[in-house]
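K.L.:
Chain by chain, the residues:
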Amino acid sequence: MIPEDPLATLFQCGNTFLDVLRTAQVDAARFRNMFQLRVSERGYERLHNKEFSKQAICMIQLFHLYKNFGPSLALNDINLKIDEGEFVFITGPSGAGKTTLLRMIFGEERPTSGNILINGVNLNRIKGSKLALLRRNIGFVFQDFKLLPKKTVFENVSLALEVTGEPYPFIRKKTHRTLRLVGLDHKKISYPLQLSGGEQQRVAIARAIIQSPLILIADEPTGNLDPDLTRDIMDLFRCVHSKGTTVVIATHNRELLKEGAQRTIFLNHGRVAGEK
Amino acid sequence: MRFRLWFYFIKEALVNIVKNRVVHVIGLGTMIISLLIFGSFLLLFVNFNTWIYEWGQSLTMSIYLNDGISDLEKEKIVFYIHKLPSAEVKRFISKEEALRDLRRALGSQAGLFEGLSVNPLPASFELAFKDPEGNKVNLKGIKQKLEKMGGVEEVQYSEEWLRSFEGLIDLFKLIGFIIGGLLFMGVLFIVTNTIKLAIYSRRDEIEILKLVGATDWFVKIPFLVEGLIQGVLSGILAILMLYCGYLFLSSKIICFLGIAMLNFVFIPYEYMMLIFLISVALSFLGSFIAVGRFFDI
Ligand SMILES: Nc1ncnc2c1ncn2[C@@H]1O[C@H](COP(=O)(O)OP(=O)(O)OP(=O)(O)O)[C@@H](O)[C@H]1O
Ligand SMILES: [Mg+2]
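So the sequences go chain by chain: A and B.
Under our numbering, the first residue of the first sequence is numbered 29, with each subsequent residue one higher.
Under our numbering, the first residue of the second sequence is numbered -16, with each subsequent residue one higher.
It is possible that part of the hints are untrue.
Computed Cβ-Cβ distance ranges for the label pairs, DEER-style [claimed, not checked]: (1) B:Leu(-12) <-> A:Asn152: 42 to 50 Å; (2) B:Leu(-12) <-> A:Asn252: 36 to 44 Å; (3) B:Ile161 <-> A:Ile154: 48 to 56 Å.
If you only want the chain B side, here are some residues facing chain A, beta carbon under 8 Å, derived [as the list claims (entries may be wrong)]: (4) Val195; (5) Asp199; (6) Lys203; (7) Leu257.
Here are a few chain A residues that sit away from chain B, every Cβ distance over 12 Å (derived from the structure) [said to hold, decoys possible]: (8) Gly148; (9) Asn150; (10) Arg163; (11) Glu190; (12) Gly225; (13) Glu303.
Derived from the structure by calculation, the hints contain no laboratory data.
Treat the numbers as computed from the prediction; the structure is a model and nothing was measured.
We treat Cβ as the ideally placed atom computed from N, Cα and C, and that holds for glycine.
Turn these sequences into a full structure, and let the hints steer you where they fit.
P.N.:
Below is the structure:
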């Protein structure tokens, strides 16, 4: 089999080689930077990553995860794999263990046994400042928002960048951009308690996404919002997802689940009861 | 970026202090009072020491001579005294002079000596020790040497008097250590508590800071800075107040006694530094303890 155009073949080979090299480079960078990347660089890296690495990368992996609270078993042998860039719902009846599961992924709760791998890093092995660096890569929208009532919207959102020690001009710019993204630019000097529930929700989301996290986790983000607001919030999550962030949402809002053909994991009594 | 972080830490600490100003003012006040008590003690100690030193400069020694002392022996004694680096012969008191002095001292009772055929009083040399550098002159050694020389009956010096003051100074030091120790434990307790309250009042914020990825030290350092500011402030204020008190007192003493009979001095520079450093070190330690013990919230 003789190639028609040896020069073209050579060129192609060269390109493939370059691609492999770039992928390897990106992988190395990703490994090194998982915990120390500057926020501003991360978007850039992810962009390149999408271009060059074809196969999906496992973002969250749970192996035989158990969690006891005293005698009661909140999580019972959970095995789960969520790839980078996925949009996943976790649902199930109240007390099924959704919140517990999300908190484990966030490193807020330690498993009784089993392993959690986030982007290849085992949470059982990290602690202290490494955990803090992990959290900078995971945005968490809490069920009760956890906003600081005595700080303005702007301060609440920029707080997530303050902790990274980024320069102030960068923080200001990025906070403005994020507030514009969630449509709250005009409320930046208000205090959380002066906002409606939906607006508070959006502040919480803004704070969660400002660090351009690898993973965005939301616990019951549409808890008590009307359908219109629910749609707005979901659009926001889709927008974040479209930029490459892995999104995991816990909910028991049936409407939400009906809408798309998203992957949905059913939890019941701390077990994975099914998947769609 | 380092600079920016420190800017953030100091800003947070100051915001904290303003927010919890009541707690801080009370803490600061108590700390200043503790430091003032300790400082006053130091002031008293320093002056007490100087007074004793000054009195020590006028140490005297009496050498009583045998009645039948020869001129040669007398000259030997004078020669020996002149060799002593700090001693000076104030005067020679002959037997007659001694009797006259005694009569004068007794006043109306002097009649007791009427009809006395022999003068029972010995002649003596009165010595003064100039600049004996505190108590370092070996008076005891001098006494022993002199008493071995011919013609000397007895040597007396203000030993007991001095010893009792030395004992007093030791007691003073001991009391100082005890008071200081108790006060410092109190100060430590105050700072720890102030910072503990500061931490509690911000527990929500601390929790959220940790949740958005702040490292432990990022959250802790503002509280350490807060304690440090308290220490620096109370140290400086305590020294200033002590100085004001000193100025007030020294003017009073001069008023009371006409000329300054007692030389009232302020604590030396090293002691000021000591008060300041103790204040800073204790407050830092206190906030360190608070941050270590009350942070798992
Ligand atoms: N900190 C805790 N201490 C003791 N038990 C807990 C704790 N957190 C959760 N649990 C228990 O674990 C189980 C799962 O709770 P979890 O909050 O994960 O449920 P959930 O699926 O989020 O429920 P909901 O839909 O009502 O939010 C429950 O039985 C709960 O009582
Ligand atoms: Mg829940």
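K.L.:
Next step is simple, just say for each hint if it's right about the structure.
P.N.:
Now for the hints, and whether the structure bears them out:
1. B:Leu(-12) <-> A:Asn152: 42 to 50 Å: 30 Å Cβ-Cβ, so the 42 to 50 Å window is violated.
2. B:Leu(-12) <-> A:Asn252: 36 to 44 Å: Given about 39 Å between the Cβ atoms, the range holds.
3. B:Ile161 <-> A:Ile154: 48 to 56 Å: For A:Ile154 against B:Ile161, whose Cβ atoms are near 49 Å apart, the range 48 to 56 Å holds.
4. Val195: With Cβ-Cβ at 4 Å, under 8 Å, it holds.
5. Asp199: At about 6 Å, which falls below the 8 Å cut-off, the nearest Cβ of chain A leaves the hint on B:Asp199 intact, so it holds.
6. Lys203: 12 Å, violated
7. Leu257: With Cβ-Cβ at 37 Å, over 8 Å, it is violated.
8. Gly148: 19 Å, holds
9. Asn150: About 18 Å separates A:Asn150 from the closest Cβ of chain B, which puts it past 12 Å; holds.
10. Arg163: It is violated; A:Arg163 is separated from chain B by about 4 Å at its closest Cβ, not greater than 12 Å.
11. Glu190: The claim is violated: A:Glu190 sits with its nearest Cβ about 7 Å from chain B, within 12 Å.
12. Gly225: Consistent with the label, A:Gly225 stays out of reach of chain B, its closest Cβ about 19 Å off (over 12 Å).
13. Glu303: 29 Å, holds
Consistency note: the structure conflicts with the earlier hints numbered 1, 6, 7, 10, 11.
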